[in-house]
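Q: Protein chains in written order, with my numbering: chain G, 1 to 360; chain Z, 1 to 267; chain L, 1 to 285.
Keep in mind that the hints were calculated from the coordinates and are not lab data. In this text the structure is predicted, and so the values were computed from the model without any measurement. You may find that some hints are simply not true.
Lysine-lysine pairs mimicking BS3-like chemistry, simulated, CA-CA at most 25 Å apart [said to hold, decoys possible]:
#1 Z:Lys45 / L:Lys126
#2 G:Lys188 / G:Lys71
#3 G:Lys76 / Z:Lys8
#4 L:Lys92 / Z:Lys103
#5 Z:Lys225 / L:Lys126
#6 Z:Lys225 / G:Lys71
#7 Z:Lys263 / Z:Lys54
#8 Z:Lys8 / L:Lys92
#9 G:Lys250 / G:Lys211
#10 G:Lys246 / G:Lys274
#11 Z:Lys134 / Z:Lys8
#12 L:Lys6 / L:Lys40
#13 L:Lys92 / G:Lys71
#14 L:Lys92 / G:Lys76
#15 G:Lys188 / G:Lys9
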Amino acid sequence: MSDPILQLKNIRKNFDTFEAIKDISLDIREGEFLTIVGPSGSGKTTLIRLMVGMDEPSSGEIWLRDERIDKLPANKRPTCMVFQSLALFPHRSVGENIEFPLKIRGVDLQVRRQKALELLELLRLPQSYHGKRIHECSGGERQRVALARALAFDPEILFFDEPLSALDYRLRKTLEKELKALHEKTGKTFVYITHSLEEAMVMSDRIAIMKAGVFEQIDPAREIYSRPVSRFVAEFMGEVNLIPFKIAGKVLTSPGEIMLSKSVTSDISGQLKKANASCGTIVVRPEFVAFGKGQAADFSVEGRVLQDYELGSRIQYEVEAAGLGLVTIEKLRMDMFDGKPGDQCTLSWAMSDCHLIVGE
Amino acid sequence: MKPSYSTKIVLFAYGILAIIFLYLPLLSVSFASISRARYLTFPIKAYSFKWYTKAFESDTVTDLVIISLKVASIVTIVSMVLGFFGALAFARYNWRFRHLFQKVILLPIFFPQAVLGLALLIWFNSLGVIPTWKTAIISHLVWISPITTLIIAIRAYSFDSSLEEAARDMGASTFTIFREVTLPLLMPGVISAGLFSFLLSWGNFPLSLFTTGADLTMPEWLYAKMISGYSPLVPTVGMLSISVSLFVIVFAFAVAHLVRMIKQARI
Amino acid sequence: MDRLNKRIAYLSAAPILILLLVFFVAPLLVIGIYSIMPQKSFSLLAMPDFSSYSLIFVEGYLKSLFWSLVLAFSSTVILFLLCWPLAYAMAKIFNRFTLIITIAVVVSLFVSENIRLFGWLLTLMKGGLIEGLLRHYTGNGFEGALYNVPIIIFGLVYVYFPFMLFPLMQGIAMIAEDTRQAAFDLGATRWQVLREIELPLAAPGIVVGTLLSFVLAAGALAESKLLGGQTVIVLADDIETAFTYGQNWPLGSALSMLLIMIIATIAVFGISRVDIDTIMGRKRS
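Extracted from the complex, chain G is given alone in its bound form (with noise of 0.2 Å):
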C-alpha cells in the first residue's frame, strides 16, 4: 500500500462548548474515492471544511504527503471543493467560470480556452456551452460545469460536498454512474461527504460512517453492509434485523419464541464469551430471511404477515414474529410469498447469512 495522500491526525473541532469533531484520525489513499456517510449533524460538513481549508481545527495536524496544511488557508491548499450549492458564478459564462483557477494563475487566455473546451468534452457539455450563462444551464448541465471547473484547478484531492442532494432521483443516479467513471478516468483522490448511503455505496471504494463527530466504521461498501461494527451502522445501511442475545454463565438466552440450532447457539455464546460480552446482537438483512423451514435453517420463528409493500423489483413483507416484534423481509418478485397479509408463516435464515454484533 502506497503512502497516505492526506493524513488526519487526532484532529477536534469546537464550536464554543460544542464538540463537533471529536479525535478524528484518518489516512486517505492516492486515488481512492471516498466517501463520509453521516446522518444531519454529524459532523461531516465540518470535517470537510477543515479538510479543504475553509476552518481551522481545534488541535490536531493534516498532512498532504509530506507537508503539514492544517494552518494553510483554502486558496494555498492544492485541493478544491465542488459545492452544495455548486457555488457557480452567476455573473460570468460557462467557459468563464470553468476558466476561472486558470485565469487567477495567470494562463494565457488561448491555453486556458484550450483547456475549458477539453474539460467540456470530457464531461459531455457541447462546445457551444463555452459562451452560455450560468442560469441558463439546467441542473445537470451546472454539475458538470461545477465538476469542470474543479478539474481545471487540477486539485491534489477533489472534496464533494452533496453535489447532487438537490437533483431528481433519475438524474443523480445518472450522474452517480459519471462521476464513479470519472473517477476512473482521471485517477485523482475523491472525497465525497453524503447522507445518501446509495451514493455512497454505488460511488465509493470505501466508506467512512460517521455519528456525532466520530467515524463508527471505514470500510469498503460490502463489508460495511453485511459486517457492520455496530447497530448504528447497521441500521444506517438500510432496513435490518436485529436480534438481541444475552449471556448469563453459560446460558444463552434467546429473545422470544425464535428457535437456533445448537451448532448456532454454541457458536454465538463462544464468540461472546471469547469478547467476554454479556450481551450481542445478530443482524440480518431483509433478503437472507425465508419463508417456511429452509435447508439451513439456524434460526427459525412462527410469525404472520401483516403487511406487504411493493418496491418494483422486490416485494417487502412486515412480519410480527413471536416475541420478536417485526421482521422485515425482501423477496425478488420471482420467489414472493404466495400468501395474503393475515396468514401464518414460518421464517427461517442461516448462521452464514448473518453477522454479530458484540456488546451494547
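Position chains Z and L relative to chain G; hints supplied.
A: Same frame as chain G, now just chains Z and L:
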C-alpha cells in the same frame, strides 16, 4: 475564509467611529444650546438654560413649531395612504407596467430637492396659487410618498401571495380579503412608513425653503438664521427640533413594544 | 381572478401616479418651457428665443457646473471607499452591531441636514469644539478648518453617507457566501476575490449607491453655503439666485434643465441596469 479576530476588532472600531462621526456635530449643537454666552467659544465657560426659556416664550418659535407640526402630520397621513396603494402596485401584483412604475416611483427620490422645490414654486405661480404651508405639504408629498411606497413594498415582498389566494378560495370577496388579509399583513410596514414620513417631513428643509411662501418651518428658520443674522436661539431651536424627532422615535418604539407585550399576554 | 388582480394593480398605482404627474412631471415641463422663454419673462407664452441657454456659455455658469460635478464626483469616490468596509462588515460580519449601526444611521437622517451641518460649523470653526478644546488643553490652536473646498466635500460625504452605506450593504448581502468561498478554494487571493467576485456581484448595490450619492451631491446646496462660505459657487446656488434675487425665471429654468439633463442621463442609465425586485429582496420564483 473567515475574517480573523483582529480584522473584526478593527471593523468594530470603524463602526463605532462612524457613529461618532454621525453624531459629533449634534453634540456640538447641544453644548452650544446650553452655553450662556451670546457668541459661542469652546470650552464653554458658563452653562445656562436661558435660551430654552427664551425660545419657549417666543411667539416666533411657537409659530414655527405649529406650522412644522401641521405640515408633518398631514404629510404623514396622506403619504401612508398613497404609499400603501403604491406598494401594492410596486410589489404585489404582476401587471404590465410594473417595472416602469417602479422606476418612475424612484425618480423623485433621485432628484435634487432644491431644484424640485424651485420647480414647484414656479408651477404654483403659473397656476396662480400663492405658496403657504399648504403648498409645502404637496412638495413634501412628492418626495416622501415614493419613500413610503418603498418601505411598504419591502413588507409586501415578504408576504406570501398564497394567503390571499387561500382567502379567495374560501369564498372571501375582494373587499373582505383586503380588510382581513392584505391590510393587517402590511400594517407594520405602513406604520413604519408613517414614522419615516413624519420624521422626514419634520426635518426637511430644501423643499420647504421654496414652497412655504411667507410661512416658515423650523428647519427653514434655522437656515435663514445660519446664513444671515445669526441668533443665539439657533442651537436651542435646533435642539428642540431634534428632541421632537427623538421623542417621536422613542414613543414609536415604546408603543411597538407595548403592543407586542399585550399580544403575548393574550396568548 | 388574474384580471381582477390587474385591475386592482392599476387602481392602486393611480393615486401616487396622479400626484407625481401633477406635481413632479408638470412642474418640470413648465421649467422646460420657461427655459426657452426670453430673458426675465414671467409668461409662458412669449416667443421662444433660447437666449438663456446661450447665456450659460457666456457667463460663469459652466464654472459652477464644473464645481458641482467635481464636488459630487470626489465625494462619491470618497464615500465608496469609506463605506465599503463598513457595509461589508454590516452585511457579512457583524450580527447585533449591524442593527445598532443601522438604527444610528437612520435616526441621524431624521435630523434636518442644516442642523447637522451647523453642528459641524460649531465643531470645526475657530473656537469651536475641536479647535477650542485643543487650544485650551495644549495651548496651540489653528485657524479653523472651514471655508475651503475639502470641507465642502467633507460636508457632502457626511450628509450622503447613509445613501451610499445602505445600498452597498444591500448589494454585498446579495453575494452568496459559497461563491466567495469557492473562489478562495480555487486559489484566488483576497484581492482577486474582491475584483473577480465581490465587486461584480455587489454591482447592483454599487450602482444604486454611487448614483444616489452623485446625483444628490450634484444638486446639493447647503454644504457649500454653510461650510464652504463663498469659496465656490455651485450650480444649485446659481439656480436659486436666478429664481429669487435675479428674478430671471428663464435663466434659472435653463440652468435647472442643464442639471436635470445631466442627472437624468446618469440616473436613467443606472436604474435601467438594475433589477429593483432583486435588490429589494423579492424571492425569485
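Q: Hint by hint, note whether the structure agrees.
A: Hints, verified against the model:
no. : hint                : in the structure
1   : Z:Lys45 / L:Lys126  : holds (16 Å)
2   : G:Lys188 / G:Lys71  : holds (24 Å)
3   : G:Lys76 / Z:Lys8    : holds (22 Å)
4   : L:Lys92 / Z:Lys103  : violated (29 Å)
5   : Z:Lys225 / L:Lys126 : holds (19 Å)
6   : Z:Lys225 / G:Lys71  : violated (63 Å)
7   : Z:Lys263 / Z:Lys54  : violated (44 Å)
8   : Z:Lys8 / L:Lys92    : holds (11 Å)
9   : G:Lys250 / G:Lys211 : violated (34 Å)
10  : G:Lys246 / G:Lys274 : holds (14 Å)
11  : Z:Lys134 / Z:Lys8   : violated (50 Å)
12  : L:Lys6 / L:Lys40    : violated (48 Å)
13  : L:Lys92 / G:Lys71   : holds (23 Å)
14  : L:Lys92 / G:Lys76   : holds (23 Å)
15  : G:Lys188 / G:Lys9   : holds (22 Å)
Hint violations for this structure: numbers 4, 6, 7, 9, 11, 12, all remaining hints satisfied.
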